[in-house]
Amino acid sequence: MAKSKEKNVARANYPKLYDHDPLADVEPELRARISEMETYIMKNCLWQFNSRGWDRRKQNAGILGKTAQLLVGEVVDNPTPLDKCHWVDAVLLARNFKERCLWLADLGADEIRSIIEKLHARIDWLTIDGSLNEELTVQNY
Amino acid sequence: MPYHEFEVSKCIPERKMHAVVKGPGEDLTHALPKGYLNTIPGTISERGCAYCGAKHVIGTPMKDVIHLSHGPVGCTYDTWQTKRYISDNNNFQLKYTFASDVKEKHIVFGAEKLLKQNILEAFDAFPDIKRMTIYQTCATALIGDDMSAIAEEVMAERPEVDIFVCNSPGFGGPSQSGGHHKINIAWLNQKVGTVEPDITSDYVINYVGEYNIQGDQEVMLDFFRRMGIQVLSTFTGNSTYDSLRSMHRAHLNVLECARSAEYLCDELRVRYGIPRLDIDGFGHKALGDSLRKIGLFFGIEDRAEAIIAEETARWKPELDWYKERLQGKKVCLWPGGSKLWHWAHAIQEEMGVKVVSVYTKFGHQGDMEKGVSRCGEGALAIDDPNELENQEAMLTLKPDVIFTGKRPGEVAKKMRVPYLNAHAYHNGPYKGFEGWVRFARDIYNAVYSPMHQLSAIDISKDDYETGKGFVTRRMLSDAGLPEEAKASPLTGYTGKFDPIPDLRQKTYPAFERRVAPAVAE
Numbered sequence: 004m005a006k007s008k009e010k011n012v013a014r015a016n017y018p019k020l021y022d023h024d025p026l027a028d029v030e031p032e033l034r035a036r037i038s039e040m041e042t043y044i045m046k047n048c049l050w051q052f053n054s055r056g057w058d059r060r061k062q063n064a065g066i067l068g069k070t071a072q073l074l075v076g077e078v079v080d081n082p083t084p085l086d087k088c089h090w091v092d093a094v095l096l097a098r099n100f101k102e103r104c105l106w107l108a109d110l111g112a113d114e115i116r117s118i119i120e121k122l123h124a125r126i127d128w129l130t131i132d133g134s135l136n137e138e139l140t141v142q143n144y
Numbered sequence: 095m096p097y098h099e100f101e102v103s104k105c106i107p108e109r110k111m112h113a114v115v116k117g118p119g120e121d122l123t124h125a126l127p128k129g130y131l132n133t134i135p136g137t138i139s140e141r142g143c144a145y146c147g148a149k150h151v152i153g154t155p156m157k158d159v160i161h162l163s164h165g166p167v168g169c170t171y172d173t174w175q176t177k178r179y180i181s182d183n184n185n186f187q188l189k190y191t192f193a194s195d196v197k198e199k200h201i202v203f204g205a206e207k208l209l210k211q212n213i214l215e216a217f218d219a220f221p222d223i224k225r226m227t228i229y230q231t232c233a234t235a236l237i238g239d240d241m242s243a244i245a246e247e248v249m250a251e252r253p254e255v256d257i258f259v260c261n262s263p264g265f266g267g268p269s270q271s272g273g274h275h276k277i278n279i280a281w282l283n284q285k286v287g288t289v290e291p292d293i294t295s296d297y298v299i300n301y302v303g304e305y306n307i308q309g310d311q312e313v314m315l316d317f318f319r320r321m322g323i324q325v326l327s328t329f330t331g332n333s334t335y336d337s338l339r340s341m342h343r344a345h346l347n348v349l350e351c352a353r354s355a356e357y358l359c360d361e362l363r364v365r366y367g368i369p370r371l372d373i374d375g376f377g378h379k380a381l382g383d384s385l386r387k388i389g390l391f392f393g394i395e396d397r398a399e400a401i402i403a404e405e406t407a408r409w410k411p412e413l414d415w416y417k418e419r420l421q422g423k424k425v426c427l428w429p430g431g432s433k434l435w436h437w438a439h440a441i442q443e444e445m446g447v448k449v450v451s452v453y454t455k456f457g458h459q460g461d462m463e464k465g466v467s468r469c470g471e472g473a474l475a476i477d478d479p480n481e482l483e484n485q486e487a488m489l490t491l492k493p494d495v496i497f498t499g500k501r502p503g504e505v506a507k508k509m510r511v512p513y514l515n516a517h518a519y520h521n522g523p524y525k526g527f528e529g530w531v532r533f534a535r536d537i538y539n540a541v542y543s544p545m546h547q548l549s550a551i552d553i554s555k556d557d558y559e560t561g562k563g564f565v566t567r568r569m570l571s572d573a574g575l576p577e578e579a580k581a582s583p584l585t586g587y588t589g590k591f592d593p594i595p596d597l598r599q600k601t602y603p604a605f606e607r608r609v610a611p612a613v614a615e
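Read top to bottom, the protein sequences are chains F and Z.
Using the working numbering, read the first sequence as starting at 4 and increasing by one per residue.
Using the working numbering, read the second sequence as starting at 95 and increasing by one per residue.
Each hint should be verified, as a subset may be incorrect.
BS3-like mimics (lysine-lysine), calculated; alpha carbons at most 27 Å apart, straight line [as the list claims (entries may be wrong)]:
id: 1; chain 1: Z; residue 1: K448; chain 2: F; residue 2: K46
id: 2; chain 1: F; residue 1: K46; chain 2: Z; residue 2: K285
id: 3; chain 1: Z; residue 1: K224; chain 2: Z; residue 2: K285
Not everything, but these chain Z residues come out facing chain F in the computed CB check (under 10 Å) [claimed, not checked]:
id: 4; residue: M95
id: 5; residue: K128
id: 6; residue: L346
id: 7; residue: L371
id: 8; residue: A380
id: 9; residue: E395
id: 10; residue: E463
id: 11; residue: R468
id: 12; residue: A518
id: 13; residue: H520
id: 14; residue: I551
id: 15; residue: K555
Reference listing, derived: stretches of chain F covered by chain Z, where coverage requires no fewer than 3 residues with Cβ under 8 Å from a Cβ of chain Z [claimed, not checked]:
id: 16; region: 18 to 31
id: 17; region: 88 to 102
id: 18; region: 126 to 134
Think of the hints as simulated: they come from the structure by calculation, not from any bench.
We treat Cβ as the ideally placed atom computed from N, Cα and C, and that holds for glycine.
For reference, chain F alone in the conformation it holds in the complex (with noise of 0.2 Å):
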């Protein structure tokens, strides 16, 4: 592996992506299905909560879209050891969902796409965007 002490001070300024919560508006019923999906995260993962908003921000995307992926029946691609961390963290939830979520079944491939789309954007709003951890934007680790 190549050895690189390199720093990418840049790597801090990643957008904001949300300026409020993403789901304020959503109907009472869909906000239900994905509370249950947000509350299982919170209490039981940590991959969202690495100390930096950037790695945020890839942690909740790798592992979400993943999820997703392994949802609809997807064939996941883990080209690098980072992608297989993340595959490995999606398998998990993938199953927790399965067996949580039982109204996970009756959905088509679209509406489990939409769904973890939204859940996505509630976990980057807790976590990165809507965050008050004030050391989320330090450039260091």
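Model the placement of chain Z on the given structure of chain F, informed by the hints.
Chain Z alone, transformed into the frame defined by chain F:
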């Protein structure tokens, strides 16, 4: 923002932003205390210093090393007996502590000569030990002693020794967490990549942020070895100095205590491309999922499942026995840092207790994000509390038991609230499937201790009842249970007093390698 103001801290208004109560419908964007800030003047903090965080928490668990503090002998106090990070080499790092014993005259004339003399004497006194760590303290940092230059001199004179220099004086951060950070980065910059390891498995990990408190690391190592995984190094519990120099060759960093060691994992990811996988070694579900994730990463999930099935069958019934008897007991989860989130959800789900408060002495806002998420509504979350705030919280929340360190723990005992040692444990290890039952056993013993109940009787008065007094924990815990539960043939934990010696004797199956070892390995 649902900040909580303590009555006792009204004279320190800044403290208000360091405590919150998450209310109904609120989330992390509403409720998060400030954290990892300089202690506010006037509040008597319980925090350790940055030197303590670097040396006593992270450096000293390395087992084959002379750990030398360059400073007054008092700085070494916490090294002796007060830590429980054991090792399988007869606890060398706990039995012996070293300091250069700096006095006033050295502050005036410099202490570099003294340091060199101490280094040489220490190596001469322990000729089998060839590795050393040196820790800066406030006094020697202020006089500008160049420890690195002295270390280089000694290594040039004695090529067989290797010395790591840690510049983390006590004032080097708001709390001990500043020292965690400094030693992480210093180790990476100075030592990682300087030893090439012998790779013996297709599956190679670093186990990071694990300090072998009462044998935790050895419990987890047992699982990894049963899966055929080579643990290249543990950062740092029960680990050797040279194994930690070879961390760059692992395939995966498995991170346990993110608070104390995530910096190292993040930098290993950036510099060497080794991914970071966060795990929870506490709690049956969390531990099972953690082993599954590591198994999935390497394509050996079946090995993880076999362990989970065997361990769950053995220990789950005993855990459930305690859960039935601990239902609804109120807990203040007041550890130093990471355990507030490692334990908050798992103890509620698997032991039936209710977490009414979490606090952290040196945690960051990231720790509180995890902790507040994992608690229910109404839990009081406090950052860097002072003793008076702790007392007020105990009086208002009326917990049945407190998990905290020995200093606030003794205060709790005087207030007649039982406490368990969250840092060093009472009767650990607490990691692993069996360890989690040991923790439940300790909670049960604390909550239902007849001695504790007796302590409530004021024997200076004449009107206490002398005719009744004999009770057992079981009589207390089973009083309100249904008959079926009372009739359970189980009696709680049935493991050994100390499970670690057996683990040290254990042998493991050899797994055939799928990939032929490369010549360079």
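Structure-based check of all given hints:
{"no.": "1", "hint": "Z:K448 x F:K46", "result": "holds (15 Å)"}
{"no.": "2", "hint": "F:K46 x Z:K285", "result": "violated (37 Å)"}
{"no.": "3", "hint": "Z:K224 x Z:K285", "result": "holds (15 Å)"}
{"no.": "4", "hint": "M95", "result": "holds (8 Å)"}
{"no.": "5", "hint": "K128", "result": "holds (8 Å)"}
{"no.": "6", "hint": "L346", "result": "holds (7 Å)"}
{"no.": "7", "hint": "L371", "result": "holds (5 Å)"}
{"no.": "8", "hint": "A380", "result": "holds (7 Å)"}
{"no.": "9", "hint": "E395", "result": "holds (9 Å)"}
{"no.": "10", "hint": "E463", "result": "holds (6 Å)"}
{"no.": "11", "hint": "R468", "result": "holds (5 Å)"}
{"no.": "12", "hint": "A518", "result": "violated (24 Å)"}
{"no.": "13", "hint": "H520", "result": "violated (26 Å)"}
{"no.": "14", "hint": "I551", "result": "violated (41 Å)"}
{"no.": "15", "hint": "K555", "result": "violated (47 Å)"}
{"no.": "16", "hint": "18 to 31", "result": "violated (count 1)"}
{"no.": "17", "hint": "88 to 102", "result": "holds (count 6)"}
{"no.": "18", "hint": "126 to 134", "result": "holds (count 5)"}
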